[in-house]
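There are 2 protein chains.
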Amino acid sequence: MLINGQCGDSIAVLDRGLQYGDGLFETIAFIHGNAPLWDRHMARLSAGCMALALPQQDALRLAHEARQLLQSDDALFGRHVVKIIITRGEHGSAYFPREGEATRILYRRDWPQRAQRGIDLLRCQTRLATGSPFAGLKTLNRLEQVIAAAEIKKAGFQEGLLCDADGFMVEALMSNLFWLKQGVLYTPLLDRCGVSGVMRAEVIGQAEHFGMRVRKVRKTPEVLMSAQAMFLSNALGLTAVREFSGRRMDVDAVPLKIRNAIQQLLS
Amino acid sequence: MLINGQCGDSIAVLDRGLQYGDGLFETIAFIHGNAPLWDRHMARLSAGCMALALPQQDALRLAHEARQLLQSDDALFGRHVVKIIITRGEHGSAYFPREGEATRILYRRDWPQRAQRGIDLLRCQTRLATGSPFAGLKTLNRLEQVIAAAEIKKAGFQEGLLCDADGFMVEALMSNLFWLKQGVLYTPLLDRCGVSGVMRAEVIGQAEHFGMRVRKVRKTPEVLMSAQAMFLSNALGLTAVREFSGRRMDVDAVPLKIRNAIQQLLS
Chain S
1 MLINGQCGDS IAVLDRGLQY GDGLFETIAF IHGNAPLWDR HMARLSAGCM ALALPQQDAL
61 RLAHEARQLL QSDDALFGRH VVKIIITRGE HGSAYFPREG EATRILYRRD WPQRAQRGID
121 LLRCQTRLAT GSPFAGLKTL NRLEQVIAAA EIKKAGFQEG LLCDADGFMV EALMSNLFWL
181 KQGVLYTPLL DRCGVSGVMR AEVIGQAEHF GMRVRKVRKT PEVLMSAQAM FLSNALGLTA
241 VREFSGRRMD VDAVPLKIRN AIQQLLS
Chain G
1 MLINGQCGDS IAVLDRGLQY GDGLFETIAF IHGNAPLWDR HMARLSAGCM ALALPQQDAL
61 RLAHEARQLL QSDDALFGRH VVKIIITRGE HGSAYFPREG EATRILYRRD WPQRAQRGID
121 LLRCQTRLAT GSPFAGLKTL NRLEQVIAAA EIKKAGFQEG LLCDADGFMV EALMSNLFWL
181 KQGVLYTPLL DRCGVSGVMR AEVIGQAEHF GMRVRKVRKT PEVLMSAQAM FLSNALGLTA
241 VREFSGRRMD VDAVPLKIRN AIQQLLS
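Which chain is which? The protein sequence lines are S and G, in order. Note that the numbering used here numbers the first sequence so that position 242 is 242, with each residue one more than the last. Note that the numbering used here numbers the second sequence so that position 19 is 19, with each residue one more than the last.
Honestly, the hints are just simulated from the structure, not real lab data. Mixed in with the good hints there might be a few duds.
One copy or any two copies: either way a pair holds, since identical chains are not told apart in the list.
SDA-like mimics (lysine to any residue), calculated; alpha carbons at most 20 Å apart, straight line [unchecked claim]:
1. K216 with G183
2. K257 with L189
3. K153 with E222
4. K153 with R123
5. K83 with A12
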């Protein structure tokens with residue numbers, strides 16, 4: 001683990017990352033030492049730093065430190081995950097932030113086990129608060145996700161669909177959501193809450209590249225009842241939805257061109 | 001600083017308090033070694049542990065450790081603040097929480113400087129997301145407050161009024177809000193976001209004890225234009241509002257009986 005470039009595994013209790021969740025994170029796929037979505041991660045991190053008035057991070061330094069981590073863990077080959085956490089450090093007085101160097105944390109995690117042939121998706125009762133000033137960003141304020149995760153685990157699922165307080169679909173716990181209907185690819189709007197995933201942006205880009213129509217919409221889960229296919233995207237790839245709300249979905253109906261493009265990207 | 005009963009000042013990077021803001025806190029006034037609102041703090045902490053499925057905390061052990069802190073800092077007399085942070089520790093895998101002992105952090109802070117004769121209140125542009133599953137609780141997810149604090153500081157104020165995403169009043173940055181109109185005491189409803197302050201509960205209790213009518217309402221800030229008085233409450237006391245949105249308020253119109261009762265409580 002690297003903290004501000006030095007080996008370490010702890011931070012000060014007074015760090016605002018702990019005190020207020022005053023920071024951001026990125027979870028980045030590394031394939032044989034390279035991060036195919038690196039630029040998208042850095043763009044979101046930069047947007048987050050702007051929104052939180054955190055100092056902009058040097059992407060080259062982050063890349064260098066990530067590589068250093070992988071090397072020291074003998075992890076330059078195969079698939080690995082690097083998590084980057086940026087906090088405001090101890091710069092501030094109570095809620096009031098002050099300018100100063102951020103705390104920069106990087107560490108490696110193992111690539112998680114993933115369902116190969118589709119996943120069952122719970123319809124969560126937990127709702128996401130709406131109208132967040134941080135809609136789209138990946139901040140350290142993730143308690144809604146923790147509570148949703150507990151609900152998903154208790155129900156015996158691995159993933160769940162989260163709606164906002166008004167009942168509109170937002171995302172899944174650890175992924176963004178797409179569905180396909182009469183040749184059009186849909187995904188929820190993320191202007192009031194949710195995380196704007198790097199892979200979501202990649203999927204939208206690929207779909208448009210292949211001439212598909214893509215629409216970002218504010219809809220309740222009822223529209224999924226007539227969807228031809230559903231899939232989830234996150235930094236580590238795509239997963240087809242096999243069952244949702246008692247309805248069996250066709251896991252092979254996920255557009256092949258997109259599947260192949262993402263698979264190629266991550267190989 | 002005490003961490004799980006031991007001296008220390010740092011926590012593991014993998015602690016979920018940092019990773020997700022997966023925890024709670026309390027900021028407690030100690031007057032000559034006693035905490036007049038201790039039971040209210042413990043009740044809110046207990047409700048928070050229930051909502052987050054965190055292990056219930058032993059209030060006697062917390063009281064013992066707080067006293068131990070004050071003693072070692074030679075702070076058994078005068079006014080002091082003790083902050084308690086409870087996190088889920090490292091118990092979990094990604095967002096999914098697991099059962100296990102919480103991380104328990106206590107430390108002392110100096111009693112902050114407070115305006116004696118009323119404070120000017122900014123009307124913040126920053127909005128609180130609404131429909132939070134944690135409405136009323138004091139969780140470690142406080143990034144909205146950090147951003148609001150930056151706005152307040154930039155505008156040259158010390159406190160600001162926060163509305164939710166729908167434009168309804170919720171609270172001030174570090175306090176709850178009360179206003180007085182034709183003999184009735186009003187305070188915003190906190191069922192969709194905001195922190196249910198221990199002093200807010202105390203003020204409501206005192207007001208009702210003195211036969212005042214108290215109403216919890218969902219209102220936009222426009223109703224404050226015809227208020228006779230406004231004041232803020234937090235664990236450290238009451239503060240009258242001197243000016244809001246260009247309107248000068250009567251700082252002496254805050255109900256004397258309530259002011260005296262709270263002053264007595266904190267002396």
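Right, here's what the structure says about each hint:
{"no.": "1", "hint": "K216 with G183", "in the structure": "within (14 Å within a copy, 50 Å between copies)"}
{"no.": "2", "hint": "K257 with L189", "in the structure": "neither (23 Å within a copy, 51 Å between copies)"}
{"no.": "3", "hint": "K153 with E222", "in the structure": "neither (23 Å within a copy, 45 Å between copies)"}
{"no.": "4", "hint": "K153 with R123", "in the structure": "within (12 Å within a copy, 42 Å between copies)"}
{"no.": "5", "hint": "K83 with A12", "in the structure": "both (19 Å within a copy, 15 Å between copies)"}
The structure is inconsistent with the numbered hints 2 and 3, although it conforms to all the rest.
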